[in-house]
Amino acid sequence: DAGVIQSPRHEVTEMGQEVTLRCKPISGHNSLFWYRQTMMRGLELLIYFNNNVPIDDSGMPEDRFSAKMPNASFSTLKIQPSEPRDSAVYFCASSLGQGALGYTFGSGTRLTIV
Amino acid sequence: EDKVVQSPLSLVVHEGDTVTLNCSYEVTNFRSLLWYKQEKKAPTFLFMLTSSGIEKKSGRLSSILDKKELFSILNITATQTGDSAIYLCAVPNAGNNRKLIWGLGTSLAVNP
Chain A
-18 DAGVIQSPRH
-8 EVTEMGQEVT
2 LRCKPISGHN
12 SLFWYRQTMM
22 RGLELLIYFN
32 NNVPIDDSGM
42 PEDRFSAKMP
52 NASFSTLKIQ
62 PSEPRDSAVY
72 FCASSLGQGA
82 LGYTFGSGTR
92 LTIV
Chain B
7 EDKVVQSPLS
17 LVVHEGDTVT
27 LNCSYEVTNF
37 RSLLWYKQEK
47 KAPTFLFMLT
57 SSGIEKKSGR
67 LSSILDKKEL
77 FSILNITATQ
87 TGDSAIYLCA
97 VPNAGNNRKL
107 IWGLGTSLAV
117 NP
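In the order they appear, the protein sequences are chains A and B. Positions -18 to 95 (our numbering) are the ones given, in order, by the first sequence. Positions 7 to 118 (our numbering) are the ones given, in order, by the second sequence.
No wet-lab data here; the hints were simulated from the structure. Where hints are given, some of them may not hold.
DEER-style ranges, computed between Cβ atoms [said to hold, decoys possible]: (1) B/G22 with A/E(-1): 42 to 52 Å; (2) A/P62 with B/S16: 33 to 43 Å; (3) A/G40 with B/K63: 45 to 55 Å; (4) B/G88 with A/M21: 42 to 52 Å.
To be clear about the criterion: a stretch of chain B counts as covered by chain A if any three or more of its residues have a C-beta under 8 Å from a C-beta of chain A, and this derived list gives those stretches [claimed, not checked]: (5) 40 to 49; (6) 61 to 74.
Since the model is a prediction, treat every value here as computed from it, not as a measurement. Beta carbons: idealized from backbone N, C-alpha and C, even for Gly.
So that you can see chain A by itself, here it is in the shape it has in the complex (with noise of 0.2 Å):
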């Protein structure tokens, strides 16, 4: 089992540039969720799908902010245009339905926007 699998691991960007994310959650996992961790908020969910649908997007900060998740095992989150305030580790984590015990992180992706 490869675990959730996020790329990139580092990304480092200017400012108005589009960034985008990707996951792969776990084979068989149906619900995905986006998390954003800074040292000021800790961890914060961003968005998450159930079964490949957006079920709560209502942690996503700005319109700025997009996710998708064309397929069971693939899934993006996009910022444009990026600012600097966006700088952080992002998570993604899948579970398979049992509520909170199941969850499992990807790694993360530590971006800066300079």
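For this one, chain A is given, so just place chain B on it according to the hints.
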């Protein structure tokens, strides 16, 4: 509004010390409380607690829940440098068991 508060925010100890990390919560329709350890990368699961007074134990780590006073503690005995990490506490959202409310974490540094 549901919330989880951890204390202390950071802690520095020497190897061999015992530490106690705290997590208090306010959530409607409480179901469970989870502890995670985050080293350099992703949080990894430690314990899930659902019942008051029943200790969960894994090696030198143990945790207990008090549902009356709405808190949990995580104890680490005989600390080692490998215990250095951020310890996170989370509680499922009242309306959605898969959506977790997270504390800011306790950053533990164990010095040799």
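Verification of the hints:
| no. | hint | in the structure |
| --- | --- | --- |
| 1 | B/G22 with A/E(-1): 42 to 52 Å | 50 Å, holds |
| 2 | A/P62 with B/S16: 33 to 43 Å | 35 Å, holds |
| 3 | A/G40 with B/K63: 45 to 55 Å | 34 Å, violated |
| 4 | B/G88 with A/M21: 42 to 52 Å | 27 Å, violated |
| 5 | 40 to 49 | holds (count 4) |
| 6 | 61 to 74 | violated (count 0) |
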